[in-house]
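Peer 1: If you read the protein sequences in the order shown, they are chains G and C.
Going by this note's numbering, 170 is the number at position 170 of the first sequence; the sequence numbering is gapless.
With the second sequence counted from 1, adding 210 to any position gets you this note's numbering.
If you're looking for bench data, these hints aren't it; they were derived computationally from the structure.
Backbone N, C-alpha and C define an ideal beta-carbon position, used for all residues, glycine too.
Treat each hint with caution, since some may be false.
[Said to hold, decoys possible] Covered, in the sense of this in silico footprint (three residues per stretch, anywhere, with C-beta under 8 Å from a C-beta of chain C), are these stretches of chain G:
| # | segment |
| --- | --- |
| 1 | 36–42 |
| 2 | 75–85 |
| 3 | 171–185 |
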Amino acid sequence: MNESLDHLDEEELLRRMVAGDGAAFAQLYRRWQSSVYRFALRMCGTEALAEDITQDVFLTLMRDAGQYKARGKFSSYIFTITRHSLLRRLQRERRFVSFDPETDPDQNTGSPIEELPVDADDPLVELARNEMVEAVRQAVMSLPLHYREVVLLCHMHELSYGEAAEVIGCEIGTVCSRLYRARALLAKRLASLKTDPVPQVSLNLARCSI
Amino acid sequence: MNCQQFDNIIVNLACGPALATAEHAQALAHAQTCAPCGWRLACQHNVAAGLQVLAVQEQAISAPAHLAVALQAAFERQPSAAQTILSPAPVRHWGFAFLNWRWAVALAALLVVSGAVATVLWHMPSDELSPPAEVLTQAVIEPPQNLVANHAGVTGEKYVTKSRAHQRPKTTRRESEEFGALISLMPIAQTEAEEVQQVVRMQIPRSTLRLWGLPLNEESSSEQVSAEVYFSEDGVARAIRLRN
Chain G
1 MNESLDHLDE EELLRRMVAG DGAAFAQLYR RWQSSVYRFA LRMCGTEALA
51 EDITQDVFLT LMRDAGQYKA RGKFSSYIFT ITRHSLLRRL QRERRFVSFD
101 PETDPDQNTG SPIEELPVDA DDPLVELARN EMVEAVRQAV MSLPLHYREV
151 VLLCHMHELS YGEAAEVIGC EIGTVCSRLY RARALLAKRL ASLKTDPVPQ
201 VSLNLARCSI
Chain C
211 MNCQQFDNII VNLACGPALA TAEHAQALAH AQTCAPCGWR LACQHNVAAG
261 LQVLAVQEQA ISAPAHLAVA LQAAFERQPS AAQTILSPAP VRHWGFAFLN
311 WRWAVALAAL LVVSGAVATV LWHMPSDELS PPAEVLTQAV IEPPQNLVAN
361 HAGVTGEKYV TKSRAHQRPK TTRRESEEFG ALISLMPIAQ TEAEEVQQVV
411 RMQIPRSTLR LWGLPLNEES SSEQVSAEVY FSEDGVARAI RLRN
């Protein structure tokens with residue numbers, strides 16, 4: 001029966017879910033659990049919290065599946081739920097993080113984001129055999145949250161700038177700006193890991209390429 | 211192309227949407243001639259490549275297996291929305307609705323309150339149901355026409371309506387001392403306190419006192435004197451009290 005559901009799009013799966021089709025829910029879960037869990041894991045940094053958030057997201061989907069309106073892509077919808085759940089969890093866990101986009105991470109060396117714990121048992125640690133991948137992962141995790149989420153959404157989960165803006169609830173220009181700054185920060189941090197002397201250049205971070 | 215223009219397109223050059231061929235060629239040419247811009251472009255290429263590899267590697271990460279089991283069980287437990295929609299709505303029997311204990315309590319409370327209000331109203335004297343005396347004392351009425359017509363010089367200050375004599379306006383001790391004794395303007399037999407309806411405090415010429423048979427000093431006949439005149443219901447002055 002699962003094979004017959006593979007070709008169905010998310011809207012149809014949700015419709016069947018509302019009708020009580022457990023196989024449709026299972027299919028939807030298989031299709032999206034990894035994305036939701038990875039996004040949550042890279043945003044909060046702990047497996048337990050990511051697991052709770054994933055559970056919240058699919059419970060919300062069960063409850064509100066009937067209210068889904070297929071205006072945009074389903075990916076925007078489910079990542080929006082994930083982000084809201086993540087913010088609620090972070091507030092509940094009293095692990096507040098700065099979401100102020102005006103904060104310059106270069107001047108804020110003691111950012112609480114950088115203090116977020118990264119699980120030693122993170123599956124990526126085992127998977128990251130390549131030193132460069134591990135360095136990139138660490139650089140991404142050290143980004144402030146509002147930069148990290150645009151990198152994760154646009155580069156890891158391949159959302160367009162418009163879809164990312166829809167998830168975050170901001171303008172496309174804001175997404176472009178944050179992505180530009182995030183990439184500049186990543187470049188600087190990856191360059192600092194290298195032994196090669198880094199030329200003293202000042203990046204103009206306040207530009208959006210689009 | 212200068213460094214500023216190169217900086218504007220460096221992200222797109224590294225991993226973004228394809229640039230126009232001419233712009234792309236100019237950017238690459240600038241990166242070859244300008245060392246800082248070339249370095250930045252190399253860094254951006256590294257970032258793009260690293261993120262691509264990271265994205266591929268991270269696709270292997272999944273949520274724990276027990277989460278799928280728990281969520282599937284939760285889905286099976288929840289009532290189907292379709293079942294909720296398709297099941298007929300329960301028919302409401304209004305007769306049985308009143309048997310609900312909440313309705314019974316509300317009805318009992320309503321009866322108790324109604325009974326209490328009815329009892330209080332039944333035992334309340336009828337005069338207490340009339341408007342309060344304070345309201346009546348503030349009611350301004352027209353002066354009796356016969357008095358005004360007969361004594362054009364009389365200027366009324368305040369007209370107070372009284373339903374009964376014992377409800378005369380409350381006067382302070384100082385006020386009562388200012389006014390003299392009550393002088394009846396009619397034979398005592400005809401004067402019944404119950405008939406007094408209005409008390410009018412007014413300024414009247416002293417010459418008016420003669421009309422009522424009161425003593426008058428001729429020297430001060432043109433002066434005004436303050437008095438309280440008590441009128442009966444038919445507008446006839448029954449008594450007067452002069453100010454000392």
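Peer 1: Now, for every hint given, state plainly whether the structure supports it.
Peer 2: Against the structure, the hints:
Look at the segment 36–42 of chain G against chain C: 5 of its residues bring a Cβ nearer than 8 Å to a Cβ of that chain, three or more, so the hint holds. Counting residues of the segment 75–85 of chain G whose C-beta lies closer than 8 Å to any C-beta of chain C gives 0; at least three are required, and the coverage claim is violated. Remark: the segment 171–185 of chain G is confirmed as covered by chain C, as 3 of its residues place a Cβ nearer than 8 Å to a Cβ of that chain, reaching the required three.
Checked against the numbered hints given earlier, the structure breaks only hint 2 and satisfies all the rest.
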